[in-house]
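Go ahead and model the full structure; you've got the sequences and the hints to work with.
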Amino acid sequence: MRFDRAEAARFHRGHGKPPGHAHPEHPDPAQVARHAEVSSTPGGPAGATGTADDTEAERSATGARREIEVRFDLLDENRRHAASIRERLREAAVFAVNLMSSPGAGKTALLEVTLPRLGSTRAAVLEGDIETSADAERLAPFGVPVVQINTGPFGGDCHLPAPLVADAMEKLPLAEIDLLFIENVGNLVCPAEFDLGEARKVVLLSVTEGEDKPLKYPLIFRESSLALITKTDLLPHLDFDLPRLEENLRRVNPELKVVQLSTRSGEGLEEWLKWLADERGKATHLTE
Amino acid sequence: MHEMSLAMGLMREIERQLEPYGPEARATRVFLEVGGLRAVVPEAMQLCFRAAAQGTVAEGAELVIEQIAPRGRCVGCGREREIDHRLFLCPDCDLPVRLLTGEELLLRSIEIEEPERKGHK
Numbered sequence: 001m002r003f004d005r006a007e008a009a010r011f012h013r014g015h016g017k018p019p020g021h022a023h024p025e026h027p028d029p030a031q032v033a034r035h036a037e038v039s040s041t042p043g044g045p046a047g048a049t050g051t052a053d054d055t056e057a058e059r060s061a062t063g064a065r066r067e068i069e070v071r072f073d074l075l076d077e078n079r080r081h082a083a084s085i086r087e088r089l090r091e092a093a094v095f096a097v098n099l100m101s102s103p104g105a106g107k108t109a110l111l112e113v114t115l116p117r118l119g120s121t122r123a124a125v126l127e128g129d130i131e132t133s134a135d136a137e138r139l140a141p142f143g144v145p146v147v148q149i150n151t152g153p154f155g156g157d158c159h160l161p162a163p164l165v166a167d168a169m170e171k172l173p174l175a176e177i178d179l180l181f182i183e184n185v186g187n188l189v190c191p192a193e194f195d196l197g198e199a200r201k202v203v204l205l206s207v208t209e210g211e212d213k214p215l216k217y218p219l220i221f222r223e224s225s226l227a228l229i230t231k232t233d234l235l236p237h238l239d240f241d242l243p244r245l246e247e248n249l250r251r252v253n254p255e256l257k258v259v260q261l262s263t264r265s266g267e268g269l270e271e272w273l274k275w276l277a278d279e280r281g282k283a284t285h286l287t288e
Numbered sequence: 001m002h003e004m005s006l007a008m009g010l011m012r013e014i015e016r017q018l019e020p021y022g023p024e025a026r027a028t029r030v031f032l033e034v035g036g037l038r039a040v041v042p043e044a045m046q047l048c049f050r051a052a053a054q055g056t057v058a059e060g061a062e063l064v065i066e067q068i069a070p071r072g073r074c075v076g077c078g079r080e081r082e083i084d085h086r087l088f089l090c091p092d093c094d095l096p097v098r099l100l101t102g103e104e105l106l107l108r109s110i111e112i113e114e115p116e117r118k119g120h121k
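In order, the protein sequence lines correspond to chains A and B. For the first sequence, the working numbering assigns the number 1 to the initial residue and increments by one for each residue that follows. For the second sequence, the working numbering assigns the number 1 to the initial residue and increments by one for each residue that follows.
If you're looking for bench data, these hints aren't it; they were derived computationally from the structure. Nothing here was measured: the structure is a model prediction, and the numbers come from that model. Yeah, the Cβ is synthetic: ideal placement off N, Cα and C, and Gly gets one too. Keep in mind that the hints are not guaranteed to be accurate.
Unchecked claim - Beta-carbon label-pair distances, calculated as ranges:
#1 87(A) / 79(B): 37 to 45 Å
#2 87(B) / 236(A): 29 to 37 Å
#3 116(B) / 92(A): 54 to 62 Å
#4 238(A) / 71(B): 30 to 38 Å
As the list claims (entries may be wrong) - Just a sample of chain A residues kept apart from chain B, beta carbon distances all over 12 Å, derived:
#5 87
#6 88
#7 91
#8 251
What the hints assert, rightly or not - Simulated coverage check for chain A against chain B, where a stretch passes if three residues somewhere in it have a Cβ under 8 Å from a Cβ of chain B:
#9 64-74
#10 98-104
#11 118-128
#12 179-186
#13 214-228
Next up, the structure:
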């Protein structure tokens, strides 16, 4: 996470602030003095200290305080962008799947085995990472449109926010696509918070990560329609308690569908592809 | 960590809310409701709030975070209870519990301070 004043300034510019808005760190001394004169707050700290350059005291002494009701949902802005993405995808008849997991659970590996098995379904990928285009390069041989999104230049966000996805979608020929995979930044926490306008969220959890993850990171499992338990070919080498994981998944989201999958052995691949086709069918059916 | 994106969004809204009160109005306290199921760490949020507030109308303002406990109602028996230990299954019916609270991420209110105007007592 990077953040600096220059970024803050760029951020606040273009916000429509009225010209001449004075920042509090540069108070106009004349103005401060004037306020001190008209101050009528009894027993105010400014009166007590009597210094015109004490901005903190000055502000609380001269100002009238009141509380204004706002009730603004912090995720609203992201939600608005997501809604417009959803509308664009609906118009273009594109079914979008948001793939989420910890780093290294096998999102890109899943795409590597999925892309060649889609038949006549035309796919594209939005590849989210903090840095590098390594994953986009891995998918280049499959001949589908891949757009890399790096969140690094945007403060190193640990998730894809809807505005970045909207921008990246501009680079895709939506009219020539049926299925869009959005590979989120590897992270079990933050991606769950941000709606990207996708039709379905899918969470991947590899068997090396532990059975307790659904209880530790419930939101991502609650938001998803499907959980793929990946790397099941490793099970003979691990003390992994699969029934306990399934029970934990059911505890946090009783309606979550669970598929065990190994991109090495091919276990679960047919079931995953069938789920994709079925869900896409449902979504297309709904819009027609 | 997405607290910085949240803090920056929060700051945009605070500036928007304060605009009608003139260029000298300041936010002195900011009241935020955060549901227990939101992956928001209060300490990280405080830190990001202070950073994002620099140079804005909320610089130096206090961020007051109210954490909301997750509660749900069973779709079967209708009993309402706090959701502890991440149990979204009714212990009596083994049926899903629909969430009532716990997913809030709400800027509830802002305490603002307006300087007294000249000739206005």
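For each hint, the structure was consulted:
no. : hint                       : verdict
1   : 87(A) / 79(B): 37 to 45 Å  : 39 Å, holds
2   : 87(B) / 236(A): 29 to 37 Å : 31 Å, holds
3   : 116(B) / 92(A): 54 to 62 Å : 56 Å, holds
4   : 238(A) / 71(B): 30 to 38 Å : 37 Å, holds
5   : 87                         : 22 Å, holds
6   : 88                         : 22 Å, holds
7   : 91                         : 27 Å, holds
8   : 251                        : 6 Å, violated
9   : 64-74                      : holds (count 11)
10  : 98-104                     : violated (count 0)
11  : 118-128                    : violated (count 0)
12  : 179-186                    : violated (count 0)
13  : 214-228                    : holds (count 6)
Hint compliance for this structure: hints 8, 10, 11 and 12 are broken, all remaining hints hold.
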